[in-house]
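A.B. asks: Here the protein sequences come in this chain order: B and A. Every number in my numbering is 118 more than the matching position in the first sequence, counting from 1. Every number in my numbering is 6 more than the matching position in the second sequence, counting from 1.
Be a bit skeptical, because a hint or two may be false.
The calculated lysine to aspartate or glutamate pairs, modelled on EDC-like cross-linking and capped at a C-alpha distance of 16 Å, are [what the hints assert, rightly or not]:
#1 Lys665(B) / Asp236(A)
#2 Lys473(B) / Glu87(A)
#3 Lys473(B) / Glu79(A)
#4 Lys656(B) / Asp671(B)
#5 Lys323(B) / Asp632(B)
#6 Lys473(B) / Glu675(B)
#7 Lys656(B) / Glu668(B)
#8 Lys665(B) / Asp632(B)
#9 Lys620(B) / Glu549(B)
#10 Lys477(B) / Asp316(A)
#11 Lys323(B) / Glu549(B)
#12 Lys656(B) / Asp669(B)
Selected chain A positions facing chain B (in silico; Cβ < 8 Å) [as the list claims (entries may be wrong)]:
#13 Phe67
#14 Ser68
#15 Ala89
#16 Trp186
The set of hints was computed from the structure by calculation and includes no laboratory data. Computed from a predicted structure; not experimentally measured. Heads up, the beta-carbon is just placed ideally off N, CA and C, and yes, glycines get one too.
Spelled out, the chains give:
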Amino acid sequence: MSTASITVSNPSSDRRPLVETLHQWVTTVDHKRLGILYILYALLFLIFGGIEATIMRIQLIRPHNNFVSPEVFNRMFTMHGTTMIFFVAMPLVFGFANYLLPLMIGARDMAFPRLNAFSFWLSAFGGFLLYFSFLGGNGLYGAGNAPDVGWFAYAPLTSQTFSLGHSTDFWVLALLVSGIGSMGTGANIIATVLCMRCPGMTLGKMPLFAWLNITMGGMVLLVISPLTAAQLMLLVDRYLGGHFFDAQAGGSAVLWMHFFWIFGHPEVYVLAIPAFSFVSEIVPVFSRKAIFGYPVMVAATVAIGFISMSVWAHHMFTVGMTAAGNIFFVFSTMAIAVPTGIKIFNWLATMWGGKIQFKTPMLFCTAFLFQFLIAGLTGIMLSAAPFDWQLSGSYFVVAHFHYVIVGGILFSIFGAFYYWFPKMSGRMYNESLGKLHFWLFAIGFHLTFDFMHIPGLLGMPRRIYTYEPGRGWDIYNLIVTIGVAFQAAGTLVFIGNLLWSKWRGRAAGSDPWDAWTLEWSTASPPPSYNFAVVPEVKSRRPLWDLKHPEDPDWHYE
Amino acid sequence: MGTIKTAAMILCIAAAAWANPASQPLSPTNIFAPASTPADMISRLSSLVLTVTGLIFLIVFSLILWAVVKFREKARSGPGEPAQIYGSTQVELAWTVIPILIVVVLLLATVRAIANIQNAVAPPSAVEVTVIGHQYWWEYRYPGSNVVTANELHVPVSDPSHPTPTFLKLLSADTDHSFWVPRLAGKTDLIPNHPNSTWIDPHETGLYLGQCSQYCGVQHAKMLLRVYVDTREQFDQWIDHQKRPAVARDGAIEGRRTFESTACVNCHTVSGTAAAGKFGPDLTHLMSRDTIGAGIVPNTRANLRRWIQDPGAFKPGCLMPAMGLSDSQLDSITAYMETLH
């Protein structure tokens with residue numbers, strides 16, 4: 119273990135003209151700067167997606183409300199879903215992976231720094247292209263502006279017959295472009311983890327973070343390609359007279375569903391596995407214990423990666439598959455609950471017998487455990503195909519996947535923000551504001567998404583711009599909308615905390631959490647070369663070995 | 007923790023929705039108030055799944071809660087790190103094998119429900135109806151009796167001793183739709199060029215509500231479903247009545263002339279007259295229906311007149327255009343419509 123010999127160099131930030139600084143950011147190939155660009159870009163789109171959600175919830179606050187027209191409402195849910203998945207969640211997990219992977223495996227950069235920059239700018243361009251549709255979507259037909267076909271854009275609603283103008287084209291092109299960027303990043307992550315690890319770091323001694331992210335990278339490569347292919351086919355249908363999805367000419371609307379969901383379901387795990395990786399780093403450090411069952415965690419992750427490729431048609435239980443087809447997808451979907459359960463139990467076992475410090479990152483991760491448990495259990499309900507025949511396409515499903523994406527993934531990302539903010543900025547965040555953010559957001563989350571399950575059980579379909587009174591849905595919709603105010607307030611506190619702490623927070627030092635992985639052995643923020651001397655490791659927790667020379671991990675691993 | 011309390015709340019309320027009988031309806035579209043065999047089978051499977059997942063929740067939730075309370079760092083815990091435990095094969099095996107067993111139980115129960123519902127064969131006494139989804143309304147065809155109607159489906163009640171289930175063939179004329187009447191059955195999609203089917207056998211007469219549950223365009227929200235479950239006699243009478251062509255009545259000649267000389271006839275059918283359009287709802291027995299606009303407003307004279315004047319006033323984005331009719335034309339066409347019993 120050579121961490122002790124690293125000379126911590128802290129280049130003083132000399133004042134440069136703004137243009138020069140901006141130029142450096144635009145032309146950078148440094149994984150840390152690209153990571154931060156990804157994250158800032160995602161935060162910008164988080165605000166857009168949040169505004170769209172708020173507009174929908176105001177419209178649904180009472181039956182027969184007239185806050186927005188049906189056309190606007192349909193654009194809002196399409197843009198909200200597309201934005202949050204492709205331009206918030208994906209860039210956030212890519213941003214953290216970019217920033218942290220080389221630091222955690224003792225490397226000086228990603229394997230392909232230029233590909234990294236190229237991928238980021240493609241993704242960024244995709245997002246801006248999507249939002250340009252608000253201006254350019256009218257096209258020559260004077261119809262539509264932003265896309266309004268729903269985020270999974272079922273055929274044949276996307277055909278020229280039903281989608282005039284260019285709004286659907288913007289949706290197609292934005293995902294095509296950002297998808298190519300995502301594949302670049304996926305390949306880069308795989309290559310980095312496989313080829314850039316520091317001496318001594320065998321695959322079995324990588325932090326779990328690296329294992330989970332290489333799984334994510336592999337999945338990105340496999341699942342974004344069918345989505346990209348489907349987008350090209352849709353363009354052929356729309357402009358070159360193709361009939362892939364054109365039911366009137368013998369094409370198949372169901373074909374699009376298969377293409378979309380063979381991407382769409384693994385995509386959930388593309389986002390969830392990095393979320394698991396944050397939790398797998400944060401929970402041990404704040405419980406002051408090594409992760410419980412490292413090999414099982416690795417196996418469970420890889421198992422989830424594989425099984426998740428075979429569950430896609432559980433999104434299609436209502437499209438009229440044969441009983442045998444339905445049963446297969448019930449089986450594969452229920453099977454994935456097993457490795458997912460194993461992960462929850464291992465995090466719990468890591469906390470068990472520890473000395474848990476409930477700092478803000480740990481608060482978010484604990485809430486993650488509760489919420490991901492519930493999200494998993496509602497997932498089991500949905501996996502029972504007949505139950506799904508009632509719940510599919512209802513608000514129960516909307517509540518379920520927001521439990522996964524907000525209650526699971528976003529909570530863990532917030533935890534990651536607070537945990538690594540000191541490393542990225544060199545400053546501590548404000549703990550009181552962090553806790554205020556947590557409680558506001560947790561209360562808002564539960565008001566919104568707990569109560570959203572119920573109208574689904576009472577027959578309320580999703581994607582309706584208004585609803586009939588007398589169905590027993592009114593009170594729940596009111597509560598759901600009230601929760602949004604708390605979540606918005608929490609998000610403002612979060613952004614305020616980041617901004618305030620960036621300039622006013624106290625210096626963090628290199629290792630504020632007394633943590634164990636390599637990123638905490640270098641300065642905060644790390645110098646551009648990361649490590650003056652490339653470290654050498656003997657165990658999964660090199661800094662533990664350094665701090666406890668009498669009882670190092672490599673005695674046990 | 008407030009999060010814990012609210013998180014637990016969902017299951018309690020779900021349980022309440024589930025336990026609440028249909029007599030004091032929480033909602034006319036409650037999936038836990040089944041009135042037909044498929045919905046009933048689903049409700050039973052759902053109860054099993056909810057019970058199992060509820061128990062898992064209680065156990066794991068308590069464990070997490072215990073860890074949070076018991077193992078939080080306290081001032082008296084003293085310095086130094088806790089014992090480092092790297093794993094345990096026995097424990098890992100336990101929480102792998104137990105979930106597998108639970109999954110097997112749930113899988114078997116699910117397979118049985120799927121087979122019972124999906125593989126049901128229509129008995130000779132079954133009524134057959136073809137449902138055709140249109141952007142934003144429902145067309146119903148009764149192939150056995152040449153009846154065509156729209157938006158309000160009539161089916162006979164099914165006595166378990168002499169079952170008369172209704173088998174629905176599901177087609178789409180344009181985009182994807184989904185047929186969902188929660189108290190009668192789970193939903194099945196209507197997809198162009200991909201015929202589907204489903205079945206219901208309502209045990210009680212009455213009106214059952216639902217709506218389209220697959221996004222189909224601008225007015226997806228106002229594509230409501232109304233299923234009237236009649237006694238066998240009422241149903242036979244209804245069929246007899248719907249079979250007849252429209253009866254010409256005095257006092258509506260002018261309205262009929264206006265109707266037949268405008269573009270109305272390109273989309274609407276009034277059987278026995280020149281109007282034979284197929285794009286919009288069949289109007290032959292319009293006045294036998296309680297609602298217009300796919301269930302969105304009661305079928306009253308005022309609503310009918312306003313609808314004919316400008317359908318977008320009720321349903322912005324619906325495909326029927328405002329025809330720019332004069333007040334007198336509107337009055338006469340409304341009067342004509344009112345004769346279509």
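A.B. asks: Hint by hint, say whether it matches the structure.
C.D. replies: Verification of the hints:
Using a Cα cut-off of 16 Å, the hinted pair Lys665(B) and Asp236(A) is violated, with the two alpha carbons roughly 79 Å apart. Of the pairs offered as hints, the one joining Lys473(B) and Glu87(A) holds, with about 8 Å between alpha carbons and a cut-off of 16 Å not exceeded. Proposed proximity of Lys473(B) and Glu79(A) is supported: the alpha carbons are some 4 Å apart, at most 16 Å. For the proposed pair Lys656(B) and Asp671(B), the alpha carbon gap of about 8 Å is at most 16 Å, so the pair holds.
Between Lys323(B) and Asp632(B) the CA atoms are separated by roughly 20 Å; this puts the pair beyond 16 Å, and the hint is violated. For the given pair, Lys473(B) sits about 22 Å from Glu675(B) by alpha-carbon distance, which is inconsistent with the 16 Å threshold. As the CA atoms of Lys656(B) and Glu668(B) are separated by approximately 14 Å, the hinted pair is consistent with the 16 Å bound. The hinted pair formed by Lys665(B) and Asp632(B) meets the criterion: a straight-line CA distance of about 9 Å does not exceed 16 Å.
Taken as a hint, the Lys620(B) and Glu549(B) pair is honoured in the structure, with Cα atoms around 13 Å apart against an allowance of 16 Å. For the hint linking Lys477(B) to Asp316(A), the alpha-carbon distance of about 60 Å lies beyond 16 Å, and the restraint is violated. Distance check on the hinted pair: Lys323(B) and Glu549(B) sit about 32 Å apart at the alpha-carbon level, beyond 16 Å; violated. Restraint check: the Cα-Cα separation between Lys656(B) and Asp669(B) comes to about 13 Å, which is no more than 16 Å; the hinted pair holds.
Interface hint at Phe67(A): satisfied, since its Cβ lies 7 Å from the closest Cβ of chain B, which is below the 8 Å cut-off. At its closest, the beta carbon of Ser68(A) sits 11 Å from a beta carbon of chain B; the interface hint therefore is violated under the 8 Å criterion. Contact between Ala89(A) and chain B, as hinted, is supported at the beta carbon level, the nearest pair being about 7 Å apart and thus within 8 Å. At a threshold of 8 Å, the smallest CB-CB gap from Trp186(A) to chain B is about 7 Å, leaving the interface hint in force.
Hint compliance for this structure: hints 1, 5, 6, 10, 11, 14 are not met, and every other hint is.
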